[in-house]
Amino acid sequence: MTETMVTPAQSKPGEPIPGAKPKSGALAHTLYVLRENPVTAISFAMFAFFVLSALIGPYVVPYDPLATNAEIALQPPSVLHWFGTDALGRDVFSRVIVATRLDLVISVAAVAISFAIGSVLGAIAGYRGGWIDIILNRILDTIMAFPLFVLAMGIVAALGNSVGNIIIATAIINIPFYARVVRAEVNIRRESGFALAAKLSGNSDARVLAVHIFPNALPPMMVQVSLNLGWAILNAAGLSFIGLGVRPPTPEWGIMVAEGANFIVSGEWWLALFPGLWLMLAVFTFNLMGDGLRDIVDPRRRT
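Sequential numbering from 2 applies to the sequence shown in the numbering used here.
A hint or two may mislead.
Stated by the list, open to error - Here are the computed distance ranges between Cβ atoms for each label pair: (1) Phe285 - Leu81: 24 to 34 Å; (2) Arg139 - Val106: 26 to 36 Å; (3) Ala29 - Leu67: 41 to 51 Å; (4) Met145 - Gly194: 32 to 42 Å.
If you're looking for bench data, these hints aren't it; they were derived computationally from the structure. Given the structure is predicted, the values throughout are model-derived calculations rather than measurements. For each residue, glycine too, the CB sits at the ideal point set by N, CA and C.
The task is simple: from the sequences and hints, build the whole structure.
Here is the structure:
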């Protein structure tokens with residue numbers, strides 16, 4: 002009896018070729034999303050640039066960001082100083098690049114904490130319901146009753162204006178966003194067919210929630226993560242701008258904009274322009290990443 006060989010030309014469109022090794026699902030799906038959406042690819046490239054600046058920037062900048070030199074104070078952008086110098090003769094370009102690490106650390110750490118806490122609280126409340134859900138909603142309503150930036154100002158003013166306290170304050174005001182999104186998604190899917198089938202198969206409630214329900218809540222949460230990363234940077238910069246954030250002479254975009262604002266009228270426009278431009282690009286990058294992150298983690302879009 003002879004064995005029939007199937008060639009690629011004989012296989013039907015859309016069917017896998019027998020004997021062919023499938024590509025890594027997650028990697029192939031990510032590459033597919035980046036190819037299909039050029040805006041997402043650009044945003045990820047910009048994000049890689051900021052991450053690279055944060056990792057190696059302090060080691061490759063041409064000048065010490067804290068070194069002062071009164072002889073070259075307030076010089077406009079030139080070949081030697083691409084972004085000019087400030088009132089103390091410090092190189093603005095070096096300070097902008099070095100500040101990337103601090104601002105990204107504050108943003109990513111705050112969003113990671115709020116994501117973890119908000120996801121757990123929202124998932125439990127949405128799955129269990131009852132008095133747990135009622136108590137959580139009242140707590141979230143209390144937090145969101147305050148203007149969030151004002152609440153962050155109060156927390157930092159009470160705890161002290163250190164980097165750790167800025168992260169804590171930013172995380173606290175972001176928790177309600179994740180808790181409410183997860184609660185709604187879990188509450189919708191807890192009685193769905195796949196969740197009931199998983200329970201009937203002998204899975205515990207914790208496993209059903211973590212493995213079967215929660216992954217379906219990730220796509221809308223990724224959009225929220227992207228937006229909150231940009232908002233966290235703005236929050237940190239805003240606190241620094243009003244004097245409640247990172248203390249000088251530490252390079253930080255908000256501090257640099259605040260210092261440069263005093264010189265705009267006298268014509269030294271570069272002091273506020275370049276830190277503000279970097280801040281705008283960072284927020285713009287995170288906002289563009291939202292749809293791409295959603296498509297990457299959405300299990301319904303994977304084939």
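Given the hint of 41 to 51 Å, is the C-beta distance from Ala29 to Leu67 inside that range or not? Once the Cβ atoms are compared, 46 Å apart, the range 41 to 51 Å for Leu67 and Ala29 holds.
CB of Arg139 to CB of Val106, is that within 26 to 36 Å? With a Cβ separation near 33 Å, Arg139 and Val106 satisfy 26 to 36 Å, so the hint holds.
May I ask you to test the hint 32 to 42 Å on the CB atoms belonging to Met145 and Gly194? holds (34 Å)
Assessment of proposed distance window 24 to 34 Å (beta carbons of Phe285, Leu81): holds (29 Å)
In terms of the numbered hints stated before, the structure departs from none.
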